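Chemist: Work out the full structure, taking the sequences as your base and the hints as a guide.
Listed in order, the protein sequences are those of chains A and B.
For what it's worth, full-length UniProt numbering labels the leading residue of the first sequence as 1, then goes sequentially.
For what it's worth, full-length UniProt numbering labels the leading residue of the second sequence as 1, then goes sequentially.
Treat the hints as calculated values from the structure; they're not laboratory data.
These figures come from a predicted structure and were not determined experimentally.
Every residue gets a Cβ at the ideal spot worked out from N, C-alpha and C, and that includes glycine.
There may be inaccurate statements among the hints.
Unchecked claim - Selected chain A positions facing chain B (in silico; Cβ < 8 Å): (1) T446; (2) R469; (3) W477; (4) Q479.
Stated by the list, open to error - Calculated pairs, SDA-like style, for lysine to any residue (alpha carbon to alpha carbon, straight line, at most 25 Å): (5) K466/B with T245/B; (6) K205/A with K431/A; (7) K284/A with M37/A; (8) K463/A with D474/B; (9) K205/A with M209/B; (10) K463/A with N433/B; (11) K103/A with W224/A; (12) K213/B with F498/A; (13) K25/A with D443/B; (14) K253/A with E143/A; (15) K284/A with H467/B; (16) K213/B with I500/A; (17) K253/B with A400/A; (18) K205/B with L475/A; (19) K252/B with T207/A; (20) K252/A with T207/B; (21) K213/A with L189/A; (22) K205/A with C492/B; (23) K253/A with C23/A; (24) K213/B with A491/A.
Number of protein chains: 2
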Amino acid sequence: MALRWTSVLLLIQLSGYFRSGTCGKVLVWPTDYSHWMNMKIILDELVQRGHEVTVLASSASVLIDPSKTSAIKFEVFPTSLSKDDFDDFAMKLLHRVIYDLPKDTFWSPVSQIEEIMWGFSEVMIKVCKDAVLNKKLMTKLQESKFDVLLADGVGPCADLLAEILKTPLVYSLRCSGGYTIEKHSGGLLFPPSYVPVVTSEFSDKMTFMERVKNMIYVLYYDFWFQAYDMKKWDQFYLEVLGRPTTFYETMKKADMWLIRTYWDFDFPRPLLPNFDFIGGHHCKPSKPLPEDMEDFVQSSGENGVVVFSLGSLISNMTEERANVIASALAVLYCAFLILFLKLLMNNFAEIYSNLGHPKTKAFITHGGINGIYEAIYHGVPMVGIPLFWDQPDNIVHMKAKGAAVRLDFNTMSSTDLLNALKTVINDPLYKENAMKLSRIQHDQPTKPLDRAVFWIEYVMRHKGAKHLRVAAHDLTWFQYHSLDVIGFLLACVATAIFIITKCCLFFCRMFTSAEKKKKRE
Amino acid sequence: MALRWTSVLLLIQLSGYFRSGTCGKVLVWPTDYSHWMNMKIILDELVQRGHEVTVLASSASVLIDPSKTSAIKFEVFPTSLSKDDFDDFAMKLLHRVIYDLPKDTFWSPVSQIEEIMWGFSEVMIKVCKDAVLNKKLMTKLQESKFDVLLADGVGPCADLLAEILKTPLVYSLRCSGGYTIEKHSGGLLFPPSYVPVVTSEFSDKMTFMERVKNMIYVLYYDFWFQAYDMKKWDQFYLEVLGRPTTFYETMKKADMWLIRTYWDFDFPRPLLPNFDFIGGHHCKPSKPLPEDMEDFVQSSGENGVVVFSLGSLISNMTEERANVIASALAVLYCAFLILFLKLLMNNFAEIYSNLGHPKTKAFITHGGINGIYEAIYHGVPMVGIPLFWDQPDNIVHMKAKGAAVRLDFNTMSSTDLLNALKTVINDPLYKENAMKLSRIQHDQPTKPLDRAVFWIEYVMRHKGAKHLRVAAHDLTWFQYHSLDVIGFLLACVATAIFIITKCCLFFCRMFTSAEKKKKRE
Chain A
1 MALRWTSVLL LIQLSGYFRS GTCGKVLVWP TDYSHWMNMK IILDELVQRG HEVTVLASSA
61 SVLIDPSKTS AIKFEVFPTS LSKDDFDDFA MKLLHRVIYD LPKDTFWSPV SQIEEIMWGF
121 SEVMIKVCKD AVLNKKLMTK LQESKFDVLL ADGVGPCADL LAEILKTPLV YSLRCSGGYT
181 IEKHSGGLLF PPSYVPVVTS EFSDKMTFME RVKNMIYVLY YDFWFQAYDM KKWDQFYLEV
241 LGRPTTFYET MKKADMWLIR TYWDFDFPRP LLPNFDFIGG HHCKPSKPLP EDMEDFVQSS
301 GENGVVVFSL GSLISNMTEE RANVIASALA VLYCAFLILF LKLLMNNFAE IYSNLGHPKT
361 KAFITHGGIN GIYEAIYHGV PMVGIPLFWD QPDNIVHMKA KGAAVRLDFN TMSSTDLLNA
421 LKTVINDPLY KENAMKLSRI QHDQPTKPLD RAVFWIEYVM RHKGAKHLRV AAHDLTWFQY
481 HSLDVIGFLL ACVATAIFII TKCCLFFCRM FTSAEKKKKR E
Chain B
1 MALRWTSVLL LIQLSGYFRS GTCGKVLVWP TDYSHWMNMK IILDELVQRG HEVTVLASSA
61 SVLIDPSKTS AIKFEVFPTS LSKDDFDDFA MKLLHRVIYD LPKDTFWSPV SQIEEIMWGF
121 SEVMIKVCKD AVLNKKLMTK LQESKFDVLL ADGVGPCADL LAEILKTPLV YSLRCSGGYT
181 IEKHSGGLLF PPSYVPVVTS EFSDKMTFME RVKNMIYVLY YDFWFQAYDM KKWDQFYLEV
241 LGRPTTFYET MKKADMWLIR TYWDFDFPRP LLPNFDFIGG HHCKPSKPLP EDMEDFVQSS
301 GENGVVVFSL GSLISNMTEE RANVIASALA VLYCAFLILF LKLLMNNFAE IYSNLGHPKT
361 KAFITHGGIN GIYEAIYHGV PMVGIPLFWD QPDNIVHMKA KGAAVRLDFN TMSSTDLLNA
421 LKTVINDPLY KENAMKLSRI QHDQPTKPLD RAVFWIEYVM RHKGAKHLRV AAHDLTWFQY
481 HSLDVIGFLL ACVATAIFII TKCCLFFCRM FTSAEKKKKR E
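Modeler: See the structure below:
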């Protein structure tokens, strides 16, 4: 408890320090669904510290709902898509990814990501155009003179906005497909020998064949992977900025990257001074449950409860799969508290509050990073049923750290689910490991949310954070990899060898011809 | 001022948190001279937070003086060297490095470092043997059951002690020769295209030829550089541990690395989760000067004062060089406060207090990291007269950031020194840049000293910090660089090409022979 008190104190101090200067104006370019829920925690904190926060949202936003927040300002711009179009499109795409795309092949994780990204690319470019080409909107934003643009780094457009509005840029990001954005725009290093590429489903301790596969993934992501329909985006960027560029190039502009993981969840890997790892920033100590829920939980007696949630995007589960899960849960000996996140969508902190309840024995999760961090924060072992994107990888991480059992959503039977639950509840090792992760999460010099807000304020105070950016950003790719230097040195060595050989041959010939002459004489 | 108050509050909280558990026992393996002055700041803080700190010092220690500190315990072990032997040896070695070794050639910085390291290696192995082979001492230390071993990472022996005593290990380190220890033991990455190797005297923005030179340095440090007389050390390690190892290998054991720089001084470069950058942790707000000194400073009127110090090792300056400096200072129009650090050796915080005095206009420094950080902390522009080791590099950093002018100790004239001083005092850009660095230094989520102590306590709490170490430590060098994987993939490609070619040739032959048959028929 001492630690929590600590953090609250620090929070007051930081905001006090900032206020002694001036309060900042923050523009936000969010991403919808769980990304928004996550971002909103940071925005609420910024507002509480006296900053003026304006969210730039399209009229088609699903969860980004101006009516549900009072302190955050919204700038809603019209877009040709309707809310239902957008939600339908997202649900159909995910249904296809979860049920229809091939699984368990070497390329399936990558093709899944490409499928999702290309799908969203279509929608995103439409929304981005509707924002950026809306002259009235842009003029208004320019006149507002924002101190910083905060954006979810999962897609383009924020970089373009920052360029137009000439504001420093801070990204919040879980990860991009194959870490391509972190690598090509952020300058992060991912040595393939011990950093498994996201979606590889390997841990940091890889066998030889896993390292071979990881290398093939890395090569694929580096040379073939196209997150978006690049031609369209390049053309659009050229149109707006009046010069040819790519979004990897414009995203390099970012001053600070707030990565939504930490070393309890992630395997240690190289970072850079302008990257901070704020995983679990959205977690808070549990609030008391509503009375009826508390009664239900208490009635479970010594057996305790299990929290179940498959995330914000699984509303259209097939009946067959739902039955498998329901029949497993029905036969279990302990009381259950089954929560579909969809039902309480805008209140996800409240749902996860159950994880902090002393009676909670396990968490059945799809492996979204938000939920996983709640489980880590509260030290609850997990049964992971990953669906798509980074979720299989997330569960692999928790499995490698001994805090989760993994199941396959499409093929698992009721018995599988039952056995997995029994394992994580009855084997004390799972609880121990989950508690160990929890201790790591709680034991940081500063709380993740405080650091997230600190760096956003920092970028405002210093009008960017150029002094934290590596000089690598100013190098071309062949300079960065020292290919010109290596080429030059090899050329020098080759020339030296050539000259020495020539000299040797010349002297040899001199010597032999001299000998011949002698013999003749 | 709000920021300082902040940090003090945090300090109370952390120690409160730790005390709610238990207080720790810290064993310290220090390095002498300025390294000790620096380390002592951390030890004092640890003591203040209730930890039991025991310094393991040889009887030949020069500045590590048990009589001058009360709260820190000392375990002094006898060694065949005397205090005077040690100091004489150090002074002679440095005299040779500063005055006699060739300067300004491509290899001179490297050979300088090798000269120093080999010299100290002789002494260090003697002291190390006298500690480690002292059975009574080792038994006593083993029985004391220390929670952590804190050591200066500049040399070997601490790793051996940690191995024998089975304690977690935390290093404090400015840098090793060519970053070899950070790279080979710590696992840090130093891309040669934008990270100038220490002693290269390049900034992070290198020309093509500078990048070529940097690459040559890197290759030299990677493949030829021998920090110590390795045969002797390897033999000694084998003797003690009973198995062949190297000190790069045993140093890998370190749980946490506290690097004594930060991004105000250093150029941004990749780091790892178990590295923290605590540069300037020894700096404190200035205390009022003693009355006579204050009178002297005030008498300078509007002109202000300049602080002068060439560090703790320059007591044997040649008369000729001393005259050059004195005559320059004599003609200057403003009052001078000339302080030789040697005179007030154990009180270096008091000397540097002058840097925080509002009348201080500039700092003439040899470029030791301690002094540079005091200047950064207080925002004072510098005239750098580097002598050896990392000092030229340190001044290059400050010059690149626009806060210093560099002079050559051996060749500068009085006029050079005078002009340099006039430049940094009269050109407002130098003061501006120094103030900018100062703002960066003061604007961190947690104070460097608090972080240093936090991580030491952290390692005690978690009995190490294995979860922050990259898996790279378990790989061989060819696995680490993926050479086996690349070899395998190339072999696969070669085999595929071979088989395809063979098949093509086979079918070609089939086809042509079939045609010939046809023609014959």
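Chemist: Run every hint past the structure and note whether it holds.
Modeler: Here is how each hint holds up against the structure:
Evaluation of the T446/A hint against chain B yields a held restraint, the C-beta minimum of about 5 Å falling below 8 Å. Among the interface hints, the one on R469/A holds; its C-beta lies about 6 Å from the nearest C-beta in chain B, closer than the 8 Å criterion. Among the interface hints, the one on W477/A is violated; its C-beta lies about 10 Å from the nearest C-beta in chain B, farther than the 8 Å criterion. The interface hint given for Q479/A holds, since its Cβ lies 6 Å from the closest Cβ of chain B, which is under the 8 Å cut-off.
Our distance criterion of 25 Å between C-alpha atoms is met by K466/B and T245/B, whose separation comes to about 21 Å. Restraint check for K205/A and K431/A: the C-alpha separation of about 23 Å stays at or below 25 Å, so the hint holds. The hinted pair formed by K284/A and M37/A meets the criterion: a straight-line CA distance of about 14 Å does not exceed 25 Å. Between K463/A and D474/B the CA atoms are separated by roughly 42 Å; this puts the pair beyond 25 Å, and the hint is violated.
Annotation: proposed proximity of K205/A to M209/B is violated, straight-line Cα distance about 39 Å (limit 25 Å). Taken as a hint, the K463/A and N433/B pair is honoured in the structure, with Cα atoms around 15 Å apart against an allowance of 25 Å. Annotation: proposed proximity of K103/A to W224/A holds, straight-line Cα distance about 21 Å (limit 25 Å). With a CA separation close to 22 Å, the supplied pair K213/B and F498/A stays within the 25 Å bound.
This hinted pair checks out: K25/A and D443/B have alpha carbons roughly 20 Å apart, not beyond 25 Å. A hinted pair counts as satisfied when its Cα atoms are at most 25 Å apart, and K253/A with E143/A qualifies at roughly 22 Å. Of the pairs offered as hints, the one joining K284/A and H467/B holds, with about 23 Å between alpha carbons and a cut-off of 25 Å not exceeded. Among the hinted pairs, K213/B with I500/A is consistent with the structure: their alpha-carbon atoms are about 23 Å apart, no more than 25 Å.
Of the supplied pair hints, the one linking K253/B and A400/A holds, its CA atoms being roughly 22 Å apart against a limit of 25 Å. Distance hint between K205/B and L475/A is fulfilled; the C-alpha atoms sit about 9 Å from each other, no more than 25 Å. With a C-alpha separation of about 22 Å, the suggested pairing of K252/B with T207/A holds against the 25 Å cut-off. A distance of roughly 22 Å separates the Cα atoms of K252/A and T207/B; the hinted pair therefore holds under the 25 Å criterion.
Proximity of K213/A to L189/A is assessed by CA-CA distance (about 18 Å); at most 25 Å being required, the pair is judged to hold. Between K205/A and C492/B the CA atoms are separated by roughly 24 Å; this keeps the pair inside 25 Å, and the hint holds. Distance restraint check for K253/A and C23/A: the Cα-Cα separation of roughly 24 Å lies within the 25 Å cut-off, and the hinted pair is therefore satisfied. Taking the CA atoms of K213/B and A491/A, the gap is about 15 Å. The hint holds against a cut of 25 Å.
The structure does not agree with the numbered hints 3, 8, 9 stated previously, though it agrees with the rest.
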